[in-house]
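Generate coordinates for the entire structure from the input sequences, incorporating the hints supplied.
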Amino acid sequence: MDRLERLRAEDEERSETVSEGVLLDQLREVEQRLLAFGEALGGDPEDVTDLPFTEEAGLDHMPEPLYVRHDTAMLNQVTSWLLQDQHIGLVSPYGTGKSAFREIVLRDLSKHDDFVVTHLDNPRETTARALYQTVLEAAYAAGFSIDFGHYSQVRNGIPWATAEAKTAVREIVKRVREHGKTLLLVVDEIEVLKADLLSPLQVAGDAGVRLFLTGTPEGKRRVAEIRGTLDSRLRYYEGIEPFSPDDVAEYVARSLAYFRGEPYDGESPDLFTQAAIADIHERTEGVPREVRIECRELFTRAAFVWYRTGQDVDRIQVTPELRHRRFGMGY
Numbered sequence: 147m148d149r150l151e152r153l154r155a156e157d158e159e160r161s162e163t164v165s166e167g168v169l170l171d172q173l174r175e176v177e178q179r180l181l182a183f184g185e186a187l188g189g190d191p192e193d194v195t196d197l198p199f200t201e202e203a204g205l206d207h208m209p210e211p212l213y214v215r216h217d218t219a220m221l222n223q224v225t226s227w228l229l230q231d232q233h234i235g236l237v238s239p240y241g242t243g244k245s246a247f248r249e250i251v252l253r254d255l256s257k258h259d260d261f262v263v264t265h266l267d268n269p270r271e272t273t274a275r276a277l278y279q280t281v282l283e284a285a286y287a288a289g290f291s292i293d294f295g296h297y298s299q300v301r302n303g304i305p306w307a308t309a310e311a312k313t314a315v316r317e318i319v320k321r322v323r324e325h326g327k328t329l330l331l332v333v334d335e336i337e338v339l340k341a342d343l344l345s346p347l348q349v350a351g352d353a354g355v356r357l358f359l360t361g362t363p364e365g366k367r368r369v370a371e372i373r374g375t376l377d378s379r380l381r382y383y384e385g386i387e388p389f390s391p392d393d394v395a396e397y398v399a400r401s402l403a404y405f406r407g408e409p410y411d412g413e414s415p416d417l418f419t420q421a422a423i424a425d426i427h428e429r430t431e432g433v434p435r436e437v438r439i440e441c442r443e444l445f446t447r448a449a450f451v452w453y454r455t456g457q458d459v460d461r462i463q464v465t466p467e468l469r470h471r472r473f474g475m476g477y
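What the sequence shown shows, in our numbering, is residues 147 to 477, in sequence order.
Everything labelled a hint here was simulated from the structure, so no lab data went into it. Computed from a predicted model, the values in this text were never measured in an experiment. Note that CB positions come from ideal geometry on N, CA and C, so glycine has one too. Everything hinted at is true.
No farther apart than 20 Å at their CA atoms in a straight line, the calculated lysine-lysine pairs in the PhoX-like style are these:
hint, residue 1, residue 2
1, Lys-340, Lys-366
2, Lys-340, Lys-312
3, Lys-327, Lys-257
What follows is a list of derived Cβ distance ranges for each label pair:
hint, residue 1, residue 2, range
4, Pro-239, Trp-306, 36 to 42 Å
5, Ala-287, Asp-196, 29 to 35 Å
6, Asp-196, Asp-460, 19 to 25 Å
7, Ala-424, Glu-283, 43 to 49 Å
8, Arg-429, Leu-221, 25 to 31 Å
9, Phe-294, Ser-390, 53 to 59 Å
10, Gly-412, Gly-188, 16 to 22 Å
11, Gln-223, Arg-253, 18 to 24 Å
12, Glu-431, Ser-256, 28 to 34 Å
13, Gly-188, Ser-390, 24 to 30 Å
Following this line, the structure appears as structure tokens:
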């Protein structure tokens, strides 16, 4: 019995059992059909979040094999500024790839001997002391420490008083730099930072922490209006390039290869036709987040076509017309 026959047999068996509720029944059936389609394509998914096009950079940490290196100008400029020990601001609209690139920065530079890298979690709620704590903990993890005897009260390695925590940052950065390393603090979504956090950010930057800030153009304007001296210290790269049709095709091919546990070999993707790739690019204008969402929707529709028609998976193709088809549960 092949996958499709087994799935249908299981569906029939479930249809004879007592319903747990319309929505619960539907959720289970849709999940099983999507997973079976993934298996037929050569993957081994345990959950729908294992399927292609389901990753979210901010939540799942963008897997390196899925990152499309399409904006070489941005990569070259940011790399140059990192080597020059600059404070960096990466500014681009929502969905254009800032979070994906942030994950690459955190992962790659954390492996680099010349960097001690940390990330400010939940910038909306962070206090000045919590910011200094983030910096100190990263340095501790890298093997550096402060002289705790210089501080009146220390809890879990962090001076309790905010003013002393600030002094500790200056001390720890000095020690990091004496070893020829750069302590890099990555902060996302500068457009939602509390205004009173911009001053501690500047304090950290002036103490020798290198800042890597990302956000929208509104965030850049906000920093300039509220803390012009911080803004003047940043080197900004504005506007990550959207995907071209070739980039969309590369993303699709990378996603399918990653799902199957195979290396990306540079070939055109299977499953998706060239017309579908062009249509996805036109509809999304190449915005990476929108590309992922559109690919996910088309993948789901292809799974239902496969189930309803009973065709061999090799004959299933994602075409522009697929997005207009309504799909039901029957076959």
